[in-house]
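Visitor: Chains A and B, in that order, give the protein sequences.
Be aware that the first sequence starts at 153, since it is given in our numbering, and climbs by one per residue.
Be aware that the second sequence starts at 153, since it is given in our numbering, and climbs by one per residue.
Where hints are given, some of them may not hold.
One copy or two, it doesn't matter: identical chains are merged, so the pair holds either way.
Said to hold, decoys possible - List time: in silico EDC-like cross-link candidates among lysine to aspartate or glutamate, alpha-carbon distance up to 20 Å:
#1 LYS249 with GLU291
#2 LYS249 with ASP287
#3 LYS249 with GLU270
#4 LYS249 with GLU288
#5 LYS249 with GLU299
#6 LYS249 with GLU162
Hints listed in this document are in silico derivations from the structure and should not be mistaken for laboratory results.
Predicted model only: the values in this text are computed from it and were never measured.
There are 2 protein chains.
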Amino acid sequence: VSAEPADAGELLYAEDLPVGRRFEVGSRTLSAEEIKAFAREWDPLPFHVDEEAAAAGPFGGLAASGAHILAVYVRMTSDALVSRLAILGGRGVSELKFLQPVRPDVALTGTSTISRNESTRPGSALIHIRGELVDEGGEPVMLMTGEMLVRSRG
Amino acid sequence: VSAEPADAGELLYAEDLPVGRRFEVGSRTLSAEEIKAFAREWDPLPFHVDEEAAAAGPFGGLAASGAHILAVYVRMTSDALVSRLAILGGRGVSELKFLQPVRPDVALTGTSTISRNESTRPGSALIHIRGELVDEGGEPVMLMTGEMLVRSRG
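Taking the hints into account, I'd like the entire structure generated from these sequences.
Guide: Structure follows, in structure tokens:
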């Protein structure tokens, strides 16, 4: 299934979210300054905030905090998909993997794919959304599965 | 096992992280302004950025973004525990649950507990850290399990 562009449209209910439906959610590049600024606030480890320490550290250079990588994807999918859903609430994340260090100045591109759609009680469904960020070579850097409750029409 | 205060100390290797070892990682209260400012940047959904829309929304009031709640815990455990580890890198999160909406002006208190410690190759171990944030009544608002590789002495 090829990804559809995430254009604005009508509110999406559970019935509009068949397993396999896939959304392009955008691209973003983090500068070294952005990586360090986020990490100073939320994850001030040497390899996220200091380029010299990072060069000598486990990643061999500056790498974004996992919390930052997740936030980048959340912003993309919030704008392009979740804001269009008849959402009742988020439940959490059942999987989140950081597959490669995220370096400065690499464009990250996101997709969100419906991976499960299960009626819970009348009027709502549990929707799983598989999120992926890939680098410029198409290699995944982050995979996650988010769970949310979405209203159904029926 | 009662939690130990997270005081600065020597670098912690895999051998220092038996299953069940538990660390107090701090407390933090988010104001309505902080909740809205984070969400404007990373998760601009109406119930995270606008108090009137939030009152009419699924949470019946302003609630912090899940990305924000995670970042609050990451900051606590980064300062109190991860900065002390002989870390080789994070691998991801195998579970992340948001159990209750996080409202403004509620103190969140964190703990980090070693839940798995498994040698991988010589010199390193896969460590699982179970993170919890509880509210002022001791009710959990977030649970997560983070996975990281930590050097061993042996």
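Visitor: Which holds for LYS249 with GLU291 at a C-alpha limit of 20 Å: within a copy, between copies, both or neither?
Guide: Within one copy only: 13 Å inside, 27 Å across.
Visitor: As a check of your reading, is LYS249 near ASP287 (CA-CA no more than 20 Å) within one copy, between copies, both or neither?
Guide: Only inside one copy: LYS249 and ASP287 sit 15 Å apart there, 27 Å across copies, limit 20 Å.
Visitor: Checking LYS249 and GLU270: alpha-carbon separation at most 20 Å within a copy, between copies, both or neither?
Guide: For LYS249 and GLU270, the Cα distance is within 20 Å only across copies (18 Å; inside one copy 24 Å).
Visitor: Cα distance capped at 20 Å. Does LYS249 pair with GLU162 within a copy, between copies, both, or neither?
Guide: Classified as neither: same-chain Cα gap 32 Å, cross-chain 29 Å, threshold 20 Å.
Visitor: Quick one: LYS249 to GLU288, C-alpha cut-off 20 Å, is that within a copy, between copies, both, or neither?
Guide: within (18 Å within a copy, 31 Å between copies)
Visitor: Since the copies are identical, ignore which copy is meant and state whether LYS249 and GLU299 lie within 20 Å (CA to CA) inside a copy, between copies, both or neither.
Guide: both (15 Å within a copy, 9 Å between copies)
Hint compliance for this structure: hint 6 is the single one not met.
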